[in-house]
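> Add chain B to chain A, keeping to what the hints say.
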Amino acid sequence: MQIELLYFGRPSDNLNIMRETVSPPAGIVTIGDLLNWLHLRGEIWVLELTESKIRCALNQEFASWNSKIKDKDEIALFSPISGG
Amino acid sequence: MSISIQNEDFDICVELSALRSASNNVGAIVSFVGLVRDLSYDENIQNIHVEHYPGMSEKALNKIILEAKSRWELLAIRVIHRVGTLTPNDQIVMVAVASTHRGNAFSSCEFIIDYLKTDAPFWKKEVKTQGGEWVVTKESDIERMQRWMQKS
Chain A
284 MQIELLYFGR PSDNLNIMRE TVSPPAGIVT IGDLLNWLHL RGEIWVLELT
334 ESKIRCALNQ EFASWNSKIK DKDEIALFSP ISGG
Chain B
17 MSISIQNEDF DICVELSALR SASNNVGAIV SFVGLVRDLS YDENIQNIHV
67 EHYPGMSEKA LNKIILEAKS RWELLAIRVI HRVGTLTPND QIVMVAVAST
117 HRGNAFSSCE FIIDYLKTDA PFWKKEVKTQ GGEWVVTKES DIERMQRWMQ
167 KS
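Just so you know, the protein sequences line up as chains A and B, in that order. Using the working numbering, the letters of the first sequence map in sequence onto residues 284 to 367. Using the working numbering, the letters of the second sequence map in sequence onto residues 17 to 168.
Chain A with its partners taken away, still in its complex shape (with noise of 0.2 Å):
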């Protein structure tokens, strides 16, 4: 499985990454299960990709921890939003 990750606002600043393509190990089922894995990664990862403090998208729709991914999928990570 291949995904289409995103980063914007804070976490891609903070983690110094706009986007990226990753290929989860199986047992990755949901957008949640993602976070977990990109976790391994080390503490900054933790810090700066924890639940309550960001939102995400799936195909450019909002989405939830429990949101189901798939192959080919383009996932966002981004903190609050703020326009107008």
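Here are the simulated distance ranges between beta carbons:
1. B:E149 x A:G325: 20 to 30 Å
2. A:R302 x B:M17: 23 to 33 Å
3. A:N319 x B:E155: 20 to 30 Å
4. A:K355 x B:K79: 15 to 25 Å
5. A:N319 x B:N105: 42 to 52 Å
6. A:E303 x B:T145: 26 to 36 Å
7. A:K355 x B:T116: 37 to 47 Å
8. A:E303 x B:N40: 50 to 60 Å
9. B:Q107 x A:N319: 38 to 48 Å
10. B:K154 x A:A309: 37 to 47 Å
11. A:T304 x B:D58: 34 to 44 Å
12. A:R302 x B:Q107: 25 to 35 Å
13. A:H322 x B:V152: 14 to 24 Å
Note that these hints are calculated values from the structure, not bench results. C-beta: ideal position from N, C-alpha, C; glycine also.
Coordinates of chain B only, in the frame set by chain A:
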């Protein structure tokens, strides 16, 4: 119905005049323009940087406009959101709505900007001499948006 996400500034007169000519039935145009406020409360802030999620931001704004059209009878809608580096007093966002009567135009314009604040993926960052700070969604903005949910 048109949406623009752009770096360039916009001319409200040009935009309103385009809405005016949308139909012979336009009896009311209501517009909202949001500006970057004075940043002098913190001398370290140099400017504001606005970013968006290309693709999703257009979709989200379209969804908000479609919802507005389903609630009120509207003749034309124009939404412009600027991105990039902005300084105090710069225009950052415009929502303008044309309708036959003022009631629909007033309500829908407020509805669109309220929803834009909580449902469109834009982010503002206060750029400081060292680093910067991302502005978070205001509680009052969420409350304003929720009022519309009760009305639907």
